[in-house]
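A.B. asks: Given the coordinates of chain A, work out where chain B should sit on it, guided by the hints.
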Amino acid sequence: MKREIPIILTVICGLLVTAAFFAPAPDVARGIEPTVWQAINTELLEWAKILVAVAFLLGIANVVRINLRQIAARHEDRWYKVILLVTMFAFLLVGVAEMHERDLPGPLLTALVPADHLHMKDGRTLDAYVLEANATGRIVRDGPGMAEREIPYGDTLEVSESSLKMWIYFKVFAPLQATMFSLLAFYVASAAFRAFRARSFEATLLLVAAAVVMLGQVKLGQQLTGNLAADTQKFLMDNVVRAAERAIVIGASLGVLATGLRIVLGLERSYLAE
Amino acid sequence: MIDVQAASPAFPSTMSSAADLWQWMDAASWKIAPVLAPDKIATLVAILVFAWIMFAYQRKAKRGVEIPIRRLAGLDALDEAIGRATEMGRPVLYVPGTDEIKEIQTIYSMMILRHVARKTAEFGTPLIVPTKNAVVMAFAEEAVKQGCADAGRPEAFVADNVRYLSDEQFAYCAGIAGIMYRERPAANIYMGMFYAEALILAETGFLGGAIQVAGTARVEQLPAFVAACDYTIMGEEYFAVTAYLTREPSLVGTIRAGDVVKIAAIVLFLAGSWLATMSASNGGGVRSAFDVYERIFS
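So the protein lines, in turn, are chains A and B. The first sequence begins at 1 in the working numbering and counts up by one. The second sequence begins at 1001 in the working numbering and counts up by one.
Worth double-checking, as some hints may not be accurate.
Derived SDA-like pairs (lysine to any residue); straight-line CA-CA distance at most 25 Å [claimed, not checked]:
hint: 1; chain 1: A; residue 1: Lys-234; chain 2: B; residue 2: Thr-1277
hint: 2; chain 1: A; residue 1: Lys-2; chain 2: B; residue 2: Ala-1149
hint: 3; chain 1: A; residue 1: Lys-49; chain 2: B; residue 2: Met-1193
hint: 4; chain 1: B; residue 1: Lys-1262; chain 2: A; residue 2: Thr-18
hint: 5; chain 1: B; residue 1: Lys-1102; chain 2: A; residue 2: Asp-27
hint: 6; chain 1: A; residue 1: Lys-81; chain 2: B; residue 2: Gln-1169
hint: 7; chain 1: A; residue 1: Lys-2; chain 2: B; residue 2: Pro-1154
hint: 8; chain 1: B; residue 1: Lys-1040; chain 2: A; residue 2: Ala-20
hint: 9; chain 1: B; residue 1: Lys-1145; chain 2: A; residue 2: Ala-61
hint: 10; chain 1: B; residue 1: Lys-1062; chain 2: B; residue 2: Phe-1050
hint: 11; chain 1: A; residue 1: Lys-219; chain 2: A; residue 2: Arg-242
hint: 12; chain 1: B; residue 1: Lys-1145; chain 2: B; residue 2: Phe-1123
hint: 13; chain 1: B; residue 1: Lys-1040; chain 2: A; residue 2: Val-28
hint: 14; chain 1: A; residue 1: Lys-165; chain 2: A; residue 2: Leu-104
hint: 15; chain 1: A; residue 1: Lys-49; chain 2: B; residue 2: Lys-1102
hint: 16; chain 1: A; residue 1: Lys-171; chain 2: B; residue 2: Ala-1196
hint: 17; chain 1: B; residue 1: Lys-1145; chain 2: A; residue 2: Phe-56
hint: 18; chain 1: A; residue 1: Lys-81; chain 2: B; residue 2: Pro-1126
hint: 19; chain 1: A; residue 1: Lys-81; chain 2: B; residue 2: Ala-1138
hint: 20; chain 1: B; residue 1: Lys-1040; chain 2: A; residue 2: Leu-104
hint: 21; chain 1: B; residue 1: Lys-1145; chain 2: A; residue 2: Thr-10
hint: 22; chain 1: A; residue 1: Lys-81; chain 2: B; residue 2: Ser-1166
hint: 23; chain 1: B; residue 1: Lys-1102; chain 2: B; residue 2: Gly-1175
hint: 24; chain 1: A; residue 1: Lys-49; chain 2: B; residue 2: Ser-1166
hint: 25; chain 1: B; residue 1: Lys-1262; chain 2: A; residue 2: Ile-248
hint: 26; chain 1: B; residue 1: Lys-1102; chain 2: B; residue 2: Ser-1166
hint: 27; chain 1: B; residue 1: Lys-1102; chain 2: A; residue 2: Val-17
hint: 28; chain 1: A; residue 1: Lys-49; chain 2: A; residue 2: Val-28
hint: 29; chain 1: A; residue 1: Lys-2; chain 2: B; residue 2: Glu-1155
hint: 30; chain 1: B; residue 1: Lys-1102; chain 2: A; residue 2: Leu-44
hint: 31; chain 1: B; residue 1: Lys-1102; chain 2: A; residue 2: Val-63
hint: 32; chain 1: B; residue 1: Lys-1031; chain 2: A; residue 2: Asp-27
If you want the footprint, here are the derived chain B segments under chain A, 3+ residues with CB under 8 Å [stated by the list, open to error]:
hint: 33; region: 1028-1037
hint: 34; region: 1045-1053
hint: 35; region: 1110-1121
hint: 36; region: 1134-1148
hint: 37; region: 1170-1178
hint: 38; region: 1229-1236
By construction, these hints were calculated from the structure, which means they are not laboratory data. Each residue gets a CB set at the ideal place from its N, CA and C atoms; glycine is no exception.
So that you can see chain A by itself, here it is in the shape it has in the complex (with noise of 0.2 Å):
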């Protein structure tokens, strides 16, 4: 049964989510109504989130064990790992923090999350915590332990919220990011070397036809070839380049209907577990 449930649940699922493709989308002038079929397809992608935040578990569960055992075993990179960890239950302390500043205790709230900023309209500037917006203010509290009050929103002119959370993601993890990133232009420079390397006959080809294309791509070349260079990198791009382009899409996207059919269909099992 550990293997038919799973294919049982495929199928239905994968022909029910299929249904739903298929289904007329709510028409008032031809008269129809939502189908039961987009209702389904709606439920199941919110069953789909469930099982998705579950995963996540299963993913810092996988961390965490993978790291300690070689924390444990002294690993020559266990100083790396120990960042790893204490840096994954930081964030994940602030984040839950910021979810549930209402009800933290003082030191903690004062500890992991700023007060925002509400810039009135009298000219001060006044820092609280805003708990929640309603229909006529925001309900702020001054301070740990203190009382919650109601700010119109006619007083502020502008509300500033901080968060330490998404201080951390912007000041540190998404220059790291774009670190990253940027190696790609080295890479592209030292991957390009190697290609264009005129060793045969193909590969001389991909060299005239890339130098075209450069050249065709910045001013300065199309000044220096009195935009021949432009012209004919714009047909090779058109051209050659979309129709290859076109081809193997076009195999690949039967590729994917064909191996589509095959799990919606229940005939694919390779990738379950026997």
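C.D. replies: Relative to the frame of chain A, chain B by itself:
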């Protein structure tokens, strides 16, 4: 209240021209609209035709009719790469792409992973599988476990070698680069859906001196893999991997069905080009056969 019945277009009394056919399609799509989206009828018909051809060739293949598959160097290279890693006593790194399990290329990557896991288990070579998504990690664990069981060596499965790194693209990329530098795999296999990280991974692997095999149907990243990897499995070849490696009749039949549909597509392209040319030379005005063609296929 709208009178739906009154708004419905009528079926033509004759079918002598493209304009009649157009009117018939209007009326038919109105009738069918409550149960089936009219703009998706052509898709449904195409899928049903493809499914029918696929099952026909699967039956044919199962009856023992041999369907040849051309040699794919990239797929032959998979075993060569694993063999080389075994000789060098270093691990094999398998990267299943950066997309989620709902992406068909990722699901297919799990099938290829099972084959790679079987081979590495046979040779007793460690297999490292870093994943970008926790659900993919769960699937990858199953695929590796199953591959080891297929090889008759379930004990070869090492849970710590299927790793969840990060859901963030470049954090994942940095994590894999770290594995490449620290654990020095002798073979890097990239199979699945890749984005901007493709070239960073492949170039890092190249600098590490590993033999590299990549496979993806994502056109934008193919040049990156072609430039930096030893072998690249591209486009439709990617979806032929399991058929090529296992030679299972039903899978081979699927590939032949794809070829037949491609021939049909070429015929349709030619017909469309011819109709477009005729339509242009006839001038505008009434609905032409090309209008009908365009309505069906666009």
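A.B. asks: Next step is simple, just say for each hint if it's right about the structure.
C.D. replies: Right, here's what the structure says about each hint:
1. Lys-234/A / Thr-1277/B: Given pair Lys-234/A, Thr-1277/B holds - Cα atoms ~24 Å apart, limit 25 Å.
2. Lys-2/A / Ala-1149/B: 16 Å, holds
3. Lys-49/A / Met-1193/B: Holds, at about 21 Å.
4. Lys-1262/B / Thr-18/A: The hint holds at about 23 Å.
5. Lys-1102/B / Asp-27/A: 29 Å, violated
6. Lys-81/A / Gln-1169/B: 20 Å, holds
7. Lys-2/A / Pro-1154/B: 18 Å, holds
8. Lys-1040/B / Ala-20/A: 12 Å, holds
9. Lys-1145/B / Ala-61/A: 18 Å, holds
10. Lys-1062/B / Phe-1050/B: Given that 25 Å is the threshold and the Cα spacing comes to 18 Å, the pair holds.
11. Lys-219/A / Arg-242/A: 23 Å, holds
12. Lys-1145/B / Phe-1123/B: Holds, at roughly 15 Å.
13. Lys-1040/B / Val-28/A: 19 Å, holds
14. Lys-165/A / Leu-104/A: 16 Å, holds
15. Lys-49/A / Lys-1102/B: Between Lys-49/A and Lys-1102/B the Cα gap is close to 12 Å, so the pair holds against 25 Å.
16. Lys-171/A / Ala-1196/B: At roughly 22 Å apart (the allowed maximum being 25 Å), Ala-1196/B and Lys-171/A satisfy the hint.
17. Lys-1145/B / Phe-56/A: 21 Å, holds
18. Lys-81/A / Pro-1126/B: Holds, at roughly 21 Å.
19. Lys-81/A / Ala-1138/B: With a Cα-Cα distance of about 22 Å, the restraint between Lys-81/A and Ala-1138/B holds, given a limit of 25 Å.
20. Lys-1040/B / Leu-104/A: Violated, at roughly 53 Å.
21. Lys-1145/B / Thr-10/A: At roughly 21 Å apart (the allowed maximum being 25 Å), Thr-10/A and Lys-1145/B satisfy the hint.
22. Lys-81/A / Ser-1166/B: 14 Å, holds
23. Lys-1102/B / Gly-1175/B: Holds - the C-alpha atoms of Gly-1175/B and Lys-1102/B are around 23 Å apart, at most 25 Å.
24. Lys-49/A / Ser-1166/B: 18 Å, holds
25. Lys-1262/B / Ile-248/A: 11 Å, holds
26. Lys-1102/B / Ser-1166/B: Holds, because 18 Å separates the two Cα atoms, which is no more than 25 Å.
27. Lys-1102/B / Val-17/A: 12 Å, holds
28. Lys-49/A / Val-28/A: 31 Å, violated
29. Lys-2/A / Glu-1155/B: This hinted pair holds, its Cα atoms lying about 20 Å apart.
30. Lys-1102/B / Leu-44/A: Cα-Cα ~13 Å, so holds.
31. Lys-1102/B / Val-63/A: 23 Å, holds
32. Lys-1031/B / Asp-27/A: 13 Å, holds
33. 1028-1037: holds (count 6)
34. 1045-1053: holds (count 3)
35. 1110-1121: holds (count 3)
36. 1134-1148: Result for this restraint: holds, n = 9.
37. 1170-1178: Since 4 is at least three, the answer is holds.
38. 1229-1236: holds (count 3)
The earlier numbered hints that this structure contradicts are 5, 20 and 28.
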